[in-house]
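Trainee: Residue numbers (our numbering), protein chains in the order written: chain X, 669 to 975; chain S, 7 to 456; chain E, 57 to 334.
Hints were generated in silico from the structure; no laboratory data involved.
Some hints here could point you the wrong way.
Listed below are the simulated BS3-like cross-link pairs for lysine-lysine, each with C-alpha atoms no more than 30 Å apart in a straight line [claimed, not checked]: (1) LYS776(X) to LYS321(E); (2) LYS925(X) to LYS135(S); (3) LYS123(E) to LYS306(S); (4) LYS163(E) to LYS891(X); (5) LYS163(S) to LYS382(S); (6) LYS250(E) to LYS881(X); (7) LYS163(S) to LYS728(X); (8) LYS135(S) to LYS191(E); (9) LYS306(S) to LYS210(S).
Counterexamples of contact, computed for chain X against chain S with all Cβ distances above 12 Å [stated by the list, open to error]: (10) MET680; (11) ARG682; (12) ARG683; (13) LEU748; (14) ILE863; (15) ALA871; (16) ASN877; (17) HIS884; (18) VAL964.
Treat the numbers as computed from the prediction; the structure is a model and nothing was measured.
Where is the CB? At the ideal position from N, CA and C, for every residue including glycine.
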Amino acid sequence: MAEEVYALDKNMKRRQQKRNLVAYSFIAPNFLGFAIFTLGPIILALIMSFMEWDGSNTMKFIGLQNFTEIFSDDRFLASLKNTIIYSIFTVPFTLVIALALAILLNQKIKGRNFFRTVAFFPYVASLVAVAAVWNMLFTPAKGGIMNQLLMNVFHVQPLKWAAASNTVMLTIILFSVWKNMGYYMVIYLAGLQGISEDLYEAAALDGANSWRKFIHITVPQLKPTTFFVTIMLTINCFKVYDIVYMLAGGSNGVVNKSAMVLVYYIYEEAFRNWKLGRASASALVLFAIVLTITIVQFRGEKNYAND
Amino acid sequence: MRRKLISSLLACSMIIASITGCGKTTTAEGSSSQEPAGSAAETGGEAGQAASGEPVNLKWALWDISSTVYYQPLIDAYTAEHPNVSIEMVDLGSTDYSTVLGTQLSGSGSDFDVVTIKDVPGYVTLVNKGALEPLDDLISKDGVDLSLYNGVTDQVKIDGKLYELPFRSDIWVLYYNKDIFDKAGVEYPTNDMTWDQYDALCRKVTDTTPGSEIYGSHYHTWRSTIQLDGILDGKNTIVDGNYDFTKPYYDMVLGQQKDGVCMDYALLKTQGLHYSAAFANGNVATMNMGSWFIATLIQKIKDGEFTDCTNWGMVKYPHAEGVEPGSTLSTITALAIPTTAPNKDVAWDFVKFVSGEKGAEVMAQTGNIPAMTNDKIVDIIAQMDGFPQDENSKEALVTSHTYLEMPANDKSSEIETVLNEQHDLIMNGEVSVDEAIKAMNEGVQAIIGK
Amino acid sequence: MRSKKNNKVIGSVIVYIILIFLALMMLVPFAWMISASLKFNKDVFVIPFEWISKEPRWKNYIDIWTKIPLAKFTLNTVKLTLIVTGLQLLTSSFAAYAFAKLQFKGKNVLFLAYVSTIAVPWQVYMVPQFMFMRKLGLADTHLAIIILQAFSAFGVFLMRQFYEGIPDSLCEAARIDGMSEYKIYSTIMLPLSKPALSTLIIFTFVNTWNDFLGPLIYLTTESKKTLQIGLKMFISQYSAEYGLIMAASVLSLIPVFVVFLSLQKYFVAGITTGSVKG
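Chain X with its partners taken away, still in its complex shape:
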């Protein structure tokens, strides 16, 4: 009896082992390349946050000194604050607009491919061109289109947009939503194709209206896609860099505290001051934030799957 159980147990173990091996064989081709060339350097970079290193001289272990230094640097604190504000506004706005666009462009309408391409355009267009057009609309001069609109339609004072400390983040957020919504729209479009027509047909038979169909079929069915979009959006928001440099840096590349973001700070520490340890410490802070958000989301996704 005991032997039989043991044999069964062994059998199960062997089967699980085989299953593991099959799974690893699926992962291996990507993971090997990823582990050696990306994960390795990343782990090293994270270790570097406890070191002092300039890329050439010997690394020196300095404990938490990098962290105490960056947390007493107002440029870092400002960049952390700006990045969080930026992400809090950009993530939900972009998500909702991208989903709305995707649903709109998933209808059978004339010129669908044209409109899809056009929506994707700001994402692929040269950043210089997109920023130049943006700066024409949102110019700090009174004659700019947006300022004319503010003065004549809303009867409020014109704004200095990217040129003023209190409106620069607003300008960057609006710009970013506009530039990136097409990208996330494409992901949602692909997600929408995965929803079976049967579900909608069944709902229609039950007499559900479009709104109910959207809430009870589209939203839950898109959950994996939304998980992906939320995580990627959050990560990309926390990693925002070139948009800020383009809009707030302008012709002299000076980004001051009002628009400083984390990756800009990291870039400055790494390549202007060659303090790779401090850059890594800042990155570790960013990493911790994103990891927390991801784990929370991940839990949420699993709960949904278990429901």
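Position chains S and E against the provided structure of chain X, taking the given hints into account.
Mentor: Quick look at chains S and E alone, frame taken from chain X:
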């Protein structure tokens, strides 16, 4: 799983090994102070090798091959004397040059023999990284006369050691559009103007009629165009930690901005208007800018792109009351030898040549101001086709004192960050000049004090 | 009945108005690019912007080929993009299958490791990575760029999320029929994930095509450089030729649109009634 884990650990350890390995070979002071002695000892042998005709290939890091006129002539001139040496140019791009060069020189695997140094903060970081060879022993051994560089080399010494030799030097001058002055019936600027006279002149030639504005002055968005005017009396430097001296200059420019004498900073910054385009527009009467703009102006006028500023001239920078005219800012471009260079001695020979007299002549013939200047060099430049024919413009190239835009200081890049930020705030009108100066004083003193 | 029809017409008119307005907003930068590509550099950033140049400089479109070896750069970029996209597609969809449809030890931890590394900015590990690659003799080779781009966590994450949306019952049924996992992947999952694969192709293509900093750091020999480095060559220390940059940018967008449009036909419902029931 275990196997993956092992392989990823292996990967990590490989990386760590490769990096700590590099760490050892370049370990800061210890070896870098020994190495020059070693290479000096070898010099006899390898210099002999250069002369004996054994083929050597030098790798030279630089930027903008396609738009820089002097690289190939310099190489041709050198290889004509040393037929066994070939020189390979490696273009790292101008926009991210310092980042790319810094990465390339990290660790010990770089095979560059000569690197061009673009700016002082980039130079200082490379020196701090222990990536550059000190040149003092070589300089004294070969009897290079540093006095020919007009004192500039003293401003880039770090802890008494020199790690680069300049070959190009750009000074700041005041460009002006003669047509605008003729039309307004105002006399041209001169080589001897105080800042007050300059301010009055700019205001005189300004026209604020909407639609046909003439701007008396133009300041590009850089900090240098305003803040550094204050160091030209020689009493202050930009790395001292006290910036009270910048106040009159900010006041002057803010006043001009308010009265429409110059364009609005916020607009210039967001619109991304390049200073060359601003001057080419034909509505800017004067503009302070570096001498690198001479070559651009001549070329673009020749190409037919610039049509509204063809009648231009230049004069010396305005000066503070009681200071000799001809004091101005300068920027140098220099050559250095990485500690990892495979052919250090041939590299030094090349650096010496380019920064020396023969290199200077080649530079001047291509319309660029070499770091080593004299009357002959000024003559060569002024005779260039397209250079303004008036005597004042030629005279403008002669300087009395030059001050580097940023002297070498091991906190250069951090100081610059503070100064740039406050400059931006002042010019955007977000803080008063006094508040900004206070912030600059406190910020920089905190950095220096560290 | 009639009013319902009227409502529908009004509805679609509103939809079209919104769409056309959005399209205009999106197309203005494109118009700007074309307009700027036909100008002298000095006129590009001047306000008021002249949308239709009085003397269009078609010469910009010739100059870009002669001022820099643009043809060679384009060829390099095409080569890199094709290889990277191919590898990325293959390895990501393969690995994602395991993460979405198989049970194995360490799955969640490994997956979190994948996803969270996307959050680490490249600027931070660029230097150690470069030194490591150089030790392997990969500096200044196209192989380095391929390795860097082809095994990204992004692709695995994207594909895994789409596989999650495909009902597990499909796989279970196939397993009961005795199908091997490899067979399930190739005959059931791949055909069903065409929209996702298309998305991954588009994104990988765009990313590799537009990648700048990677090639800039790794590729130093002129003949190995890529299109985006070439574009930056028009920005020199003392002047920037935005007319030429825009001309080259307009041309470089064409392949991106060709890829985008040609993949649109796969953006149709992937799971059909038949396959779910079967």
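Trainee: Each of the hints needs a verdict: does it hold here or not?
Mentor: Verification of the supplied hints:
Among the hinted pairs, LYS776(X) with LYS321(E) is consistent with the structure: their alpha-carbon atoms are about 13 Å apart, no more than 30 Å. A hinted pair counts as satisfied when its Cα atoms are at most 30 Å apart, and LYS925(X) with LYS135(S) qualifies at roughly 28 Å. Of the supplied pair hints, the one linking LYS123(E) and LYS306(S) holds, its CA atoms being roughly 16 Å apart against a limit of 30 Å. For the proposed pair LYS163(E) and LYS891(X), the alpha carbon gap of about 20 Å is at most 30 Å, so the pair holds.
Using a Cα cut-off of 30 Å, the hinted pair LYS163(S) and LYS382(S) holds, with the two alpha carbons roughly 28 Å apart. With a C-alpha separation of about 25 Å, the suggested pair LYS250(E) and LYS881(X) falls inside the 30 Å cut-off, and the hint holds. Of the pairs offered as hints, the one joining LYS163(S) and LYS728(X) holds, with about 27 Å between alpha carbons and a cut-off of 30 Å not exceeded. The hinted pair formed by LYS135(S) and LYS191(E) meets the criterion: a straight-line CA distance of about 20 Å does not exceed 30 Å.
Note on LYS306(S) and LYS210(S): the hinted pairing holds, with a Cα-Cα distance of about 29 Å set against a maximum of 30 Å. At the 12 Å boundary, the C-beta of MET680(X) stays outside the reach of chain S, the nearest C-beta of that chain being 18 Å off. Interface exclusion of ARG682(X) from chain S stands, the closest Cβ pair being 16 Å apart, more than 12 Å. Every CB of chain S is more than 12 Å from the CB of ARG683(X) (nearest about 16 Å), matching its label as outside the interface.
The beta carbon of LEU748(X) sits about 17 Å from the closest Cβ of chain S, which is more than 12 Å, so the claim that it is off the interface holds. Remark: the non-interface label on ILE863(X) is consistent with the geometry, its nearest Cβ contact in chain S lying 35 Å away (cut-off 12 Å). The claim that ALA871(X) lies off the interface holds: its Cβ sits roughly 43 Å from the closest Cβ of chain S, which is beyond the 12 Å cut-off. The claim that ASN877(X) is not at the interface with chain S holds, since no C-beta of that chain comes within 12 Å of its own (minimum 47 Å).
The beta carbon of HIS884(X) is kept farther than 12 Å from every beta carbon of chain S, the shortest such distance being approximately 40 Å. At roughly 26 Å, the least C-beta separation between VAL964(X) and chain S is larger than 12 Å, which holds for a residue marked as non-interface.
The structure agrees with every numbered hint stated previously.
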